[in-house]
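Colleague: Given next are the chains, with one letter for each unit.
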Amino acid sequence: MSVLIFVETDNGSIKKTSLEAIAYGAKIAEKTGGNAVVLALGAADSAELEKAGFYGANKVLHAADEKLAHENSMAYADVLAQAIAQENSKIIILSKSGLGDAVAARAAAKLKAGIVSGVTELPVINGTFKVTRSIYTGKAFTTTEIKSDIKILVVKKNAIEIDESQLSTSTAIIESFTPTLRDTDFTATVGNIEKASSELSLTEADIIVSGGRGMKGPEHWQPLLDLASALGAATGCSKPVSDLDWRPHHEHIGQTGIKVAPDIYIACGISGAIQHLAGVNGAKCIVVINKDPEAPFFKAADYGIVGDVFEILPKLTQAAKNLK
Amino acid sequence: MKILVCITSVPDTTAKISFTDNDSKLNKNGIQYIIGPYDDYALARGVELKEQFSGTVTVIHVGGPEADPQIRKALAIGADDAIRINCDPVDSYFTASQIAHVARENKYDLILMGRESIDFNSGVVHGLVGEMLGIPSYSPVMKLDIDGNTAKIDREIDGGKESLSAALPLVLGCQEPISEWKIPNMRGIMTARTKPLIVQEPVSEEEMTVPEKYSLPAPKGACKMIPASEAETLIRLLQTEAKVL
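Residue numbers (the working numbering), protein chains in the order written: chain Y, -14 to 309; chain G, -3 to 241.
Bound-form chain Y, shown alone:
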């Protein structure tokens, strides 16, 4: 029996959230006494895939078929199911993302497997198999028993703590994997893809600097961008800001936008409506900068500064630069 971890790649390397999924799956494999096997699809760099070993994987199945280069949840789920059959895997791990959920869901339907998405901790395996997951957009948790033979877990960022100084030094073996691809999974015509490739993805970012209406307009965003660049952070925004088209929709963080779980979330001129908080309650440390001392966001914050964002941001940028 093995634990199979489905990973996402970006420019040939395994995404950070997927590395966490590998560490998470490897911990379960260690506990249940099986192998931790990684499945990677599309073009990827062998040296990058071998790094899966540092996070505890024994083996990487690499399906390099060019047809798999483009995100396709139907085909990916089909390949995943074939890998699960080959490896006789009973526990399947994916990291939480639009793609992760879609692949997990379709694989679950193929395999008649129980699926739990939004897992926040390692499972408790003790005769039964129980996982804790985040529900009500981070406002609560539930412990759920998975009863099916094959179990599919979609894990949230930070479900496991990785100590980069304690990583394994052994690399993973790479095995080429040649699944049968069905034409019916490739019927859609993909047109234009708009992707800001230079930007750090919000779901992957360790630090996020985010702006609200208190930034006063899109032309005033530079101080925020400067701080983000000094900290190596991704940038986000509140719903009103994306509604007003000050920033693109894919930066919108909140209940109906992206849910993030960075180590540090710095909110600039965001009052902290409950719908926005729902998107950031996975953050480890929240910093709020707002001129209104009564802003509700301060109640959810770890650090707060009351004052003018345009005076405060440059000071923070300077301090962050001095750090380096």
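Where hints are given, some of them may not hold.
[Unchecked claim] Straight-line distance between alpha carbons at most 20 Å, and here's what the computed DMTMM-like set of lysine to aspartate or glutamate pairs gives:
1) G:Lys216 - Y:Glu279
2) G:Lys139 - Y:Glu179
3) G:Lys209 - G:Asp84
Hints listed in this document are in silico derivations from the structure and should not be mistaken for laboratory results.
Given the coordinates of chain Y, assemble chain G onto it according to the supplied hints.
Modeller: Below, chain G alone, put in the same frame as chain Y:
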């Protein structure tokens, strides 16, 4: 065009969540239920497409009778009829099986729902239903137009968006700005009263997952205030005190 819109009935976004019965149940006291915000977008777009191409919109909800007001609201917004599968929808696989069962019997061109429910936030039911029916599923869809037998879709991907076209039938998880939420008018509310709402018992399906216990996050400690004149000390605190930098 035959459209099926799947709706959830969920605590509104400002609801304060707590649990009762030894943390085994949601405390429904004082909670206002709404159609899931993402499902509301799916419904609005479904009704628009029906008006554009003529056809029908059927609403389906997997859940108990407490959702009937939300189902009536969906009918008032423009759906033609509704089906409620009478059960407690706590498992994604089970819920998807119920929807797939109804879809197999009625052959819809489009099955629309929200990208995720805002109670369990799984975002997997569209994928499950798609696979169960053997048809493609896409999510989160921000733009949807129909041209003959083809759907033209914009969907959000990590850090951007992708345009694609795919043949019907399809299952789509929707999000803004696919449409604007619709508010029922008086005529809609009146006609909704007589539109059919069929209640069906669920088809039997194995229980794959069972939620056992609920809990709330640990309360947040007090916010440490830093005077604006010493703002730069924040960076040091993040590094040495919070140890997150």
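Colleague: Hints numbered earlier in the text: which of these fail when held up against the supplied structure?
Modeller: none
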